[in-house]
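Chemist: One-letter residues, chain by chain:
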Amino acid sequence: METKRSSGVAARSLAIVLGLVAIGLVALAVLNVGGLRLPLGALALVLLGLAAVLLLQPNLRAILRVAGATFFEARRRRFMNVVLIFAVILIGLSSFFATLSPSAELNMLLDVGLGSIRLCGMLIAVFLGSRLIADEVDKKTVDVILAKPVRRSEFVIGKFLGAWITVASFLVVMGVAFFVVFHLKAPQLVAKAQAVGLSLSLQETSANVLKATLLILFEMMLLSSIAITVSTVASWIFSAVLSLTMYFAGQLASYFHHMATFNDPHVQIVNPVLKTFSWVMYRLIPHFEHFDIREKILTHDPVYWEMVGMTAGHGVLYSLVLVALACVFFSYREF
Amino acid sequence: MGEIGIAIRTEGLTKVYRIGIRGTHKGIGDLTMEVPEGLIYGLVGPNGAGKTTTLKLLLGLLFPTAGTGEVLGHPLGSSEYKARIGYVPDGPYFYDHLNAPELLRFYGTLFGLRGPALEQRIAELLELVGMADRAHFRVHEYSKGMRQRVAVAQALLNDPDLIFLDEPTAGLDPMGAIQMRNIVLDLRARGKTVFLCSHLLKDMEPMCDRVAIVSRGQLKLEGPIDEVLQAGAGYRVRTTGLSAETRAKVESAATEIVGPDEEGVVVVKAADQRQALEIAGLAAGDGSEILEVGPDRRTLEEVFIDVVEGQAGD
Numbered sequence: 001m002e003t004k005r006s007s008g009v010a011a012r013s014l015a016i017v018l019g020l021v022a023i024g025l026v027a028l029a030v031l032n033v034g035g036l037r038l039p040l041g042a043l044a045l046v047l048l049g050l051a052a053v054l055l056l057q058p059n060l061r062a063i064l065r066v067a068g069a070t071f072f073e074a075r076r077r078r079f080m081n082v083v084l085i086f087a088v089i090l091i092g093l094s095s096f097f098a099t100l101s102p103s104a105e106l107n108m109l110l111d112v113g114l115g116s117i118r119l120c121g122m123l124i125a126v127f128l129g130s131r132l133i134a135d136e137v138d139k140k141t142v143d144v145i146l147a148k149p150v151r152r153s154e155f156v157i158g159k160f161l162g163a164w165i166t167v168a169s170f171l172v173v174m175g176v177a178f179f180v181v182f183h184l185k186a187p188q189l190v191a192k193a194q195a196v197g198l199s200l201s202l203q204e205t206s207a208n209v210l211k212a213t214l215l216i217l218f219e220m221m222l223l224s225s226i227a228i229t230v231s232t233v234a235s236w237i238f239s240a241v242l243s244l245t246m247y248f249a250g251q252l253a254s255y256f257h258h259m260a261t262f263n264d265p266h267v268q269i270v271n272p273v274l275k276t277f278s279w280v281m282y283r284l285i286p287h288f289e290h291f292d293i294r295e296k297i298l299t300h301d302p303v304y305w306e307m308v309g310m311t312a313g314h315g316v317l318y319s320l321v322l323v324a325l326a327c328v329f330f331s332y333r334e335f
Numbered sequence: 001m002g003e004i005g006i007a008i009r010t011e012g013l014t015k016v017y018r019i020g021i022r023g024t025h026k027g028i029g030d031l032t033m034e035v036p037e038g039l040i041y042g043l044v045g046p047n048g049a050g051k052t053t054t055l056k057l058l059l060g061l062l063f064p065t066a067g068t069g070e071v072l073g074h075p076l077g078s079s080e081y082k083a084r085i086g087y088v089p090d091g092p093y094f095y096d097h098l099n100a101p102e103l104l105r106f107y108g109t110l111f112g113l114r115g116p117a118l119e120q121r122i123a124e125l126l127e128l129v130g131m132a133d134r135a136h137f138r139v140h141e142y143s144k145g146m147r148q149r150v151a152v153a154q155a156l157l158n159d160p161d162l163i164f165l166d167e168p169t170a171g172l173d174p175m176g177a178i179q180m181r182n183i184v185l186d187l188r189a190r191g192k193t194v195f196l197c198s199h200l201l202k203d204m205e206p207m208c209d210r211v212a213i214v215s216r217g218q219l220k221l222e223g224p225i226d227e228v229l230q231a232g233a234g235y236r237v238r239t240t241g242l243s244a245e246t247r248a249k250v251e252s253a254a255t256e257i258v259g260p261d262e263e264g265v266v267v268v269k270a271a272d273q274r275q276a277l278e279i280a281g282l283a284a285g286d287g288s289e290i291l292e293v294g295p296d297r298r299t300l301e302e303v304f305i306d307v308v309e310g311q312a313g314d
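Sequence lines, in order, name chains P and H. Residues in the first sequence are numbered from 1 upward in steps of one, following this note's numbering. Residues in the second sequence are numbered from 1 upward in steps of one, following this note's numbering.
What the hints contain is simulated information worked out from the structure, not anything from laboratory work. Among the hints, a few may not be true.
[To be verified] Using 27 Å as the maximum straight-line C-alpha spacing, the simulated BS3-like pairs for lysine-lysine come out as follows:
1) H:Lys-144 <-> H:Lys-202
2) H:Lys-144 <-> P:Lys-140
3) P:Lys-139 <-> H:Lys-249
[Said to hold, decoys possible] Some chain P residues well away from chain H (every beta-carbon gap over 12 Å; in silico):
4) Ala-10
5) Gly-34
6) Val-66
7) Val-150
8) His-290
9) Asp-292
Positions of the beta carbon are idealized from the N, C-alpha and C atoms, including for glycine.
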């Protein structure tokens, strides 16, 4: 008993130290010391996460069981399977879009294939995320779980994990289907393009497809996180609508940035309300447009792994903040 | 002899729901009660009386607007006591795609159970609730009664010290209801505390050691079942061979005369012990046989109706 108490005190002390270090790192990130805003922020978040784990000592087994149940339950939803089948058919059909030139045909294959994954991934992420917790509350299955030694935060984290695993598994299926179609069709399209003097590399295009698919995965993880977080305080319909609104607003991140920082003395001054609104939107809404690299691929712009990593990191950090928010919201929810 | 512990204690527990922007509705108000360990405690009341609200407050699913409470020595909502309780909800819902063993395995792991010990416990419980031969059915194929049985099984997985049952016999066939009663009585025999919520008074009366009657969010009456059923009931004299002449004599002292039944037994009810003894004296003097003189005992249903209609307990 004494040992347990002393180890508890040690864990709390370590958590406080980690928390203080994290606060220091946040301050350095805000000041953008050495231009390392993102790595410092990421490190601060990791340390805060560790401190939270040490303080709360979550029941990992319970979290994993809730995540597992969520995954197996979600996998059986008819809507999800219909979307998946639709996506696979669409990806399959992408190889039949005949166009005038071999280069355009390859672009069409990439555009339709990746676009299908993105569109269907978006539908799955929004509707799964919105309904996961809402359905548990509506069907009262949550009552039985929360009457057991499972904390509300553990339940929420389990739901997030389950949703991410489900979204990832569906995207893997779609991604594999696209890779199969791509590798069946792309070599001959690249060869045709090279024959007419276009400099296209199959290896580079394949790597870009992988990067694009990975970014869609992180994008959908983030989108499902938004949907789950909103559904902890609102109905699933509101959650779905708000998530979709945020998703489409996130495609306009650079537009909001442009409006917020517009400062040309030769042009009429932009309405300050619109400017403030744009600034708030730019700061608040995740920049979903950065996850879509189709245009870069189609215009043969280089897609660096560093950029992929930064964008994915942005998605992960945003998602973790949403998990924390969802835990707080859910702790006040009554059933 | 050790002191009897208190499984549940509440002090002025109140829950007020918000309806719209300005409206409020009192789910339960100023509830102060103590549930001793090792008893079957019944919380009865009409629909909307505040039974489920009370239960959900005790389980930490709702937060009190005012007042405090403890379950097994821990404050309401804390996860410490949840490892030692079981809960059977009213109209239970579970994950539809699972069968009974899968469902119990899921809930069992939430208690930290696993391996052969969990599998053995699942088999025992399915046998206990009469679901062993239908274990392979998926939840969406279950009848209401089958869901109720599985709900009981999941509530007993951790061998709880305190079990909460919300309308436990609702939806069960007569055999199922008897089985449920036996399970509850067996839990008490093993020293467990059972907290029952129901409006099925005929099921509650033979099981409960203590009852509390709630109506419109207020605790109206609480106490040991015998005291509750005798409260305000007066006394009665059971006699046979009561002549018409003597019957006329005792009528002035009696509050009610019932019978004779097919065995010739007449029950004469009196307001108090003195009048009951006076009636017994008159009947005995007239040559009638006195079978019993003692406190009258009403049914829980009669007490409940009086309380709900505001004739007692206020």
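Chemist: Work down the list of hints and note, for each, if the structure agrees.
Modeler: Now for the hints, and whether the structure bears them out:
no.: 1; hint: H:Lys-144 <-> H:Lys-202; in the structure: 20 Å, holds
no.: 2; hint: H:Lys-144 <-> P:Lys-140; in the structure: 15 Å, holds
no.: 3; hint: P:Lys-139 <-> H:Lys-249; in the structure: 64 Å, violated
no.: 4; hint: Ala-10; in the structure: 21 Å, holds
no.: 5; hint: Gly-34; in the structure: 43 Å, holds
no.: 6; hint: Val-66; in the structure: 8 Å, violated
no.: 7; hint: Val-150; in the structure: 5 Å, violated
no.: 8; hint: His-290; in the structure: 37 Å, holds
no.: 9; hint: Asp-292; in the structure: 35 Å, holds
Violated hints, in rising order: 3, 6 and 7; the structure is consistent with all others.
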